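In the order they appear, the protein sequences are chains A and B.
Counting in the numbering used here, the first sequence runs without a single skipped number right up to 136 at its last residue.
Counting in the numbering used here, the second sequence runs without a single skipped number right up to 262 at its last residue.
Just so you know, the hints here were simulated from the structure itself, not pulled from any lab data.
Small disclaimer: the values here were computed from a predicted structure and weren't measured.
Glycine included, C-beta positions come from ideal geometry on N, C-alpha and C.
Incorrect hints may have been included.
To be verified - Reference excerpt, derived from the structure (chain B facing chain A, CB under 8 Å, subset only):
hint, residue
1, 113
2, 148
3, 230
To be verified - Taking CB as the label site, the calculated pair distances span:
hint, chain 1, residue 1, chain 2, residue 2, range
4, B, 233, A, 109, 54 to 60 Å
5, B, 226, A, 91, 51 to 57 Å
6, B, 69, A, 70, 27 to 33 Å
7, B, 208, A, 25, 55 to 61 Å
8, B, 240, A, 120, 54 to 60 Å
9, B, 228, A, 126, 32 to 38 Å
10, A, 25, B, 172, 51 to 57 Å
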Amino acid sequence: MQNRSGGFAIKDEKLTKKPITVFEKIEESLERLNQKMEVIIEIQKNNSGGNQRPAMTLPDASLDVMTLLSMPDHLRKTAMAICRSDRATAEEIAEQTSRARAVESAYLNQLVIMGYLKKERKGRKAYFYVDRETQG
Amino acid sequence: MKTMSKMIAVHSYKGGTGKTLLSVNLAAAFAKLGKKVCVIDLDFRAPSLFSILKGGNVECWFNDYLNNTCEAEKVLVDLSSKIPGKGKFFAGFANPATEAIRDMSAKDRKWEMRALGRLLALKGALLADQKFDYVLFVTSPGLQYSSINAIVAADFVVVATTGDRSDVEGTKRMLLELYTLFEKKTGLVLNKVLDSSATAKKAEMSEKVKTVYHVPMLGIVPCFCEILRAEGSLIFVEDKPDHPFTKIVSEMARKIENNEVN
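So that you can see chain A by itself, here it is in the shape it has in the complex:
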């Protein structure tokens, strides 16, 4: 009996605390899922025109204004934001463009693959920048 009532006591405590943490975890997972979905949708949307997926990083290409002009809208927004900052993380770019961090991360990596940006890791953070000096 004692065990039982003790068990109940623990359960009661769990009942009051657990749901909140469980909900929080669900919310977190949903948010992550949502971000991943956004990236998948964006990438699919922009790749639907053709199957030109670059398999590897292209040689350095110059991110000049005429290139910016000829870029698809979704990439131009990211490229413009990175042009304005010396170097930035996907999160910092997301703040400027008001889009999801994961979306910006995908676009920034796409711009790296296309040869327009360089990426550098420092600890857990990845910094993106336009390498204007060593090119050419």
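Chain A is fixed; fit chain B onto it per the hints.
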């Protein structure tokens, strides 16, 4: 809070729309408000600021700054003595020598990309370090590399246009197809307006500008024979403080300063 417009590019579709005159007077109007301001000539194809401001001895041209052979502070010439009051007025000149014009027109896209980096670096060098309040770029007309670089680097773009049909059509197309891509804050100046009642019908004209060009209006400048007669030798804001043109440009400066262009 909206961001302040510190770097301003003055651009147009066609030449002869009054970019240089507007830029110099706008800069003088800012200086009159007690600001530290510089005007930089980015029209490397047809430099005109040097002769208009009678540059004198120039240690470095703005071409040299973009070529990375000279620092920004060495390019700027202090012309504050020409301007009464406590404001500061500096200028950076494009080299008017034919050889320099030829050299600038032969630059490749990698150079232009670095030039954009150098223009963006002015935010740190002039606005942050040297405490300039405003940096104005006078650009080449049309879709030139140097002009688009200036538009990308600027926080605010003043587009000057006249009533000429080809100018109206070109400006409309340029605003729609270029400016919207860069999502730039823009203000339109209707220059050399012949209809003398236009300035009185400001609200009506402003609505018209919004419908035709889809950007806010910064100001209307009637056609003044005195401006033509001055042959580019006067800074109206300084030399003719009571002239209506001075009042119009001062009002534009006030609108930019107070972030009222919308």
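Output the numbers, in ascending order, of every earlier hint that fails for this structure. Numbers 3, 9 - these are the hints that the structure violates, sorted from lowest upward.
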